[in-house]
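Colleague: The residues making up each chain are set out below.
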Amino acid sequence: MMELVNIDQERARFALEKIKRLKEVVKGEEAEKYRAYVRRLPSMILRNGLGLTLAFIKGKGGTHELIYNHLQQWFVKKKFINEGDDLLEKLLRQNAVTYRNWTKEALAFAIWLQRMAEAEIEEVKEKE
Amino acid sequence: MFEIARVLFFYTETPLHMGTGSAISYVDLPIEREKHTEYPVMPASGIKGVLRDLARKKWGEQDKWMEKIFGPEKEPEKHSSCISFTDGRILLLPVRSLKDVFAWVTCPFVLQRFEKDLQIAGKSLDCDLSKLSVHDKEAWVCKGSQIVHDGKILLEDYQFEARVEENADEIGKKLSDWFRVFPSTGVQELLKSLPERLAIISDDAFSEMCYVAMDISTRIKIDYRTGTVAEKALFTEEAVPSESVFYSLALFTPPFPRKEDKSAKEVEEKISKLLKECSLLQFGGDATVGRGLVRVGMIGGGEQ
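Same order as they appear, the protein sequences are chains L and H.
According to the working numbering, the first sequence holds residues 1 to 128 in order.
According to the working numbering, the second sequence holds residues 1 to 304 in order.
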């Protein structure tokens, strides 16, 4: 049987899992906020780098922290860090090459998180 | 098979967006990239299209050379075009530098491939590229390099150890020489500073720069009724920065249908003359917001 592992598919699956779980445990309003914030995540990482982005969302707390946790859980799943580690702290200890790899990985995952959130969570229409 | 091959150089005078159309990716409108390297690329189809358009403007649609050279537009089965272009491949990428504004960055693989491509046109860099083993932490520079500060080079957020190398010197001088084919003294003047700004970094570092050093702009639309940003009208767009240098090959065969009356040489001379008359061409999208103005130069055009 073919044992080909498609990394992108794994990211998608994990992202969908997290979004579905989120919808079960948080209130509608919270989920809508999550959707609005996570949409900016890929371009935030691209423009500001992973370190600054993590520091920013960690600092904001609240709904942003949910995003932070999802990223962190993905890195645990990928065995880049251990359960209980803090993603930001670990990131800042890495050398330039690993830092860049983590950034690429976070970006790829963030794109899935964004797309799954857009697909699964209803958008709040802006008032005229 | 082609009879004559000429090297074309492209210098982006404004940011260049030859795009893939919409994408669901890190940016809404990404640039075209080579599949196996992810380097920015100028698709050959785009290059040919622009040249055809230039020929049409200068010679007129009815000119007999239009169909001979570029192929019949309405009846493609009638006969083939007799000019081919290869994709525009990246040679020098401008990257923000702490000193001297920006560095022109390249890597061993790009240079080795450039040499291989040059040989198709019967040319060579005539430099020893076999000793180009650049470590990830290093940047090889020319004597008199202006981008070094305290033995280090800072490109975007990456730090490199500067190494003044004979190799880099050779390559810098040789490229500088060739860039005199650009029929624009403005471009030539700027490219004279190549040896001061050249940085040969590792293949991996260069691949990194091909993402980090791309121009990403965010564009919006203003709702004229409110004076504020229109809803859902924000998008991000990627472009290759100004001051980038690409190269490609123009390949010529005698025109079809094969008769004895016209030669590949005549075709080459027509094109070479065309490019000398009009060397500033617009490639890719967003022309009306100033994108894609590229200076084109052909090595050895029109000569024996």
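Some hints here could point you the wrong way.
Taking lysine-lysine pairs in the DSS-like style, the calculated list, with each CA pair at most 25 Å apart, reads [stated by the list, open to error]:
1. H/K137 x L/K90
2. H/K64 x L/K104
3. H/K192 x H/K57
4. H/K64 x H/K232
5. H/K276 x H/K174
6. L/K58 x L/K77
7. H/K221 x H/K232
8. L/K104 x H/K137
9. H/K273 x H/K57
10. H/K192 x H/K173
11. H/K232 x L/K33
12. H/K78 x H/K265
Think of the hints as simulated: they come from the structure by calculation, not from any bench.
Just so it is clear, the structure is predicted and the values come from calculations on it, not from any experiment.
Colleague: Run every hint past the structure and note whether it holds.
Modeller: Tested hints:
1. H/K137 x L/K90: 22 Å, holds
2. H/K64 x L/K104: 52 Å, violated
3. H/K192 x H/K57: Given that 25 Å is the threshold and the Cα spacing comes to 32 Å, the pair is violated.
4. H/K64 x H/K232: 49 Å, violated
5. H/K276 x H/K174: 22 Å, holds
6. L/K58 x L/K77: Status holds; Cα separation ~20 Å.
7. H/K221 x H/K232: 9 Å, holds
8. L/K104 x H/K137: Since the Cα atoms of L/K104 and H/K137 sit roughly 20 Å apart, the hinted pair holds (cutoff 25 Å).
9. H/K273 x H/K57: 14 Å, holds
10. H/K192 x H/K173: 9 Å, holds
11. H/K232 x L/K33: OK: H/K232 and L/K33 at ~17 Å, within 25 Å.
12. H/K78 x H/K265: OK: H/K78 and H/K265 at ~22 Å, within 25 Å.
This entry does not satisfy hints 2, 3, 4, going by the numbered hints stated previously.
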